[in-house]
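Chemist: Those protein sequence lines, which keep their order, are chains A and B. Here the first sequence is numbered in UniProt numbering, starting from 1 and rising by one per residue. Here the second sequence is numbered in UniProt numbering, starting from 1 and rising by one per residue.
It is worth saying that the hints were derived from the structure and are not from the lab. Predicted model, so just to flag it, every value in this text is computed and none were measured. Here a beta-carbon is modelled for each residue, glycine too, at the ideal position from N, C-alpha and C. Treat the hints with caution; some may be incorrect.
Pairwise CB distance ranges (calculated) [said to hold, decoys possible]:
1. B:L55 with A:S20: 39 to 47 Å
2. A:R117 with B:P15: 19 to 27 Å
3. A:L55 with B:P34: 26 to 34 Å
4. B:S53 with A:R116: 21 to 29 Å
5. B:A108 with A:E49: 26 to 34 Å
6. A:T65 with B:E49: 24 to 32 Å
7. A:S20 with B:A108: 14 to 22 Å
8. A:L14 with B:G83: 13 to 21 Å
9. B:T84 with A:A54: 53 to 61 Å
10. B:S51 with A:M35: 43 to 51 Å
11. B:H18 with A:A108: 38 to 46 Å
12. A:T63 with B:E21: 25 to 33 Å
13. A:P34 with B:S62: 49 to 57 Å
Number of protein chains: 2
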Amino acid sequence: MTTPSAPSAAGRDLPHPHRSEIRLEGVLHALADPMRLAVVRRLAAGPAEQSCSALDLPVSKSTTTHHFRVLRECGVIRQTYRGTAKLNRLRRDDLQALFPGLLDSVLAAAQAEAVRRA
Amino acid sequence: MTTPSAPSAAGRDLPHPHRSEIRLEGVLHALADPMRLAVVRRLAAGPAEQSCSALDLPVSKSTTTHHFRVLRECGVIRQTYRGTAKLNRLRRDDLQALFPGLLDSVLAAAQAEAVRRA
């Protein structure tokens, strides 16, 4: 029998797929939304860890929560609590190990599109 | 005034987005479905032009039609009629011009995932 974590800590651990559970279709689905792609671009360009509130999306709080959850559940970001803040970081190493070059090519494509539409 | 095409021919022309209308989010959405990604992989690996019936998806005819339409409307494939057959080809040049390396990295990722799950 394993020793359960203290409930207060366990209640604050968010579920993440193991690297082996990350599916290409999920990653592409997560990145196919403009708002989520914007989050990924900002995580890639800025500090490695950024809070949801720092990323400040122009949508409601519940929509923001939804987008971050999709990114987490599809294996694109890792979310951890620090105090009252939820911190987000890209799972670059996992994605690179599974799908070499994919994230970088999507980021480059997003940049190309942003320039094209500017 | 432009001369309209013969109605019988015009009626069989399928609408395609111009290169400048192809959006990254649409391309990623189109590729995020396993069935559509399978079609794209087969178009990339096999003859440049393949009919819908040759690609023979394990789903209903209407679902097949839906998947091909999404791929066409998102700018991933070009569909043309030849006689009674609808022929499909990847819009490699357009995608490569817009998002260099993206299609190849998705195809490589799909291959990596197929190997991993074999």
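Chemist: Hint by hint, note whether the structure agrees.
Modeler: Structure-based check of each hint:
| no. | hint | verdict |
| --- | --- | --- |
| 1 | B:L55 with A:S20: 39 to 47 Å | violated (30 Å) |
| 2 | A:R117 with B:P15: 19 to 27 Å | holds (22 Å) |
| 3 | A:L55 with B:P34: 26 to 34 Å | holds (30 Å) |
| 4 | B:S53 with A:R116: 21 to 29 Å | violated (36 Å) |
| 5 | B:A108 with A:E49: 26 to 34 Å | holds (29 Å) |
| 6 | A:T65 with B:E49: 24 to 32 Å | violated (45 Å) |
| 7 | A:S20 with B:A108: 14 to 22 Å | holds (18 Å) |
| 8 | A:L14 with B:G83: 13 to 21 Å | violated (55 Å) |
| 9 | B:T84 with A:A54: 53 to 61 Å | holds (57 Å) |
| 10 | B:S51 with A:M35: 43 to 51 Å | violated (38 Å) |
| 11 | B:H18 with A:A108: 38 to 46 Å | violated (22 Å) |
| 12 | A:T63 with B:E21: 25 to 33 Å | holds (27 Å) |
| 13 | A:P34 with B:S62: 49 to 57 Å | violated (29 Å) |
Of the numbered hints stated above, those contradicted by the structure are hints 1, 4, 6, 8, 10, 11 and 13, listed in ascending order.
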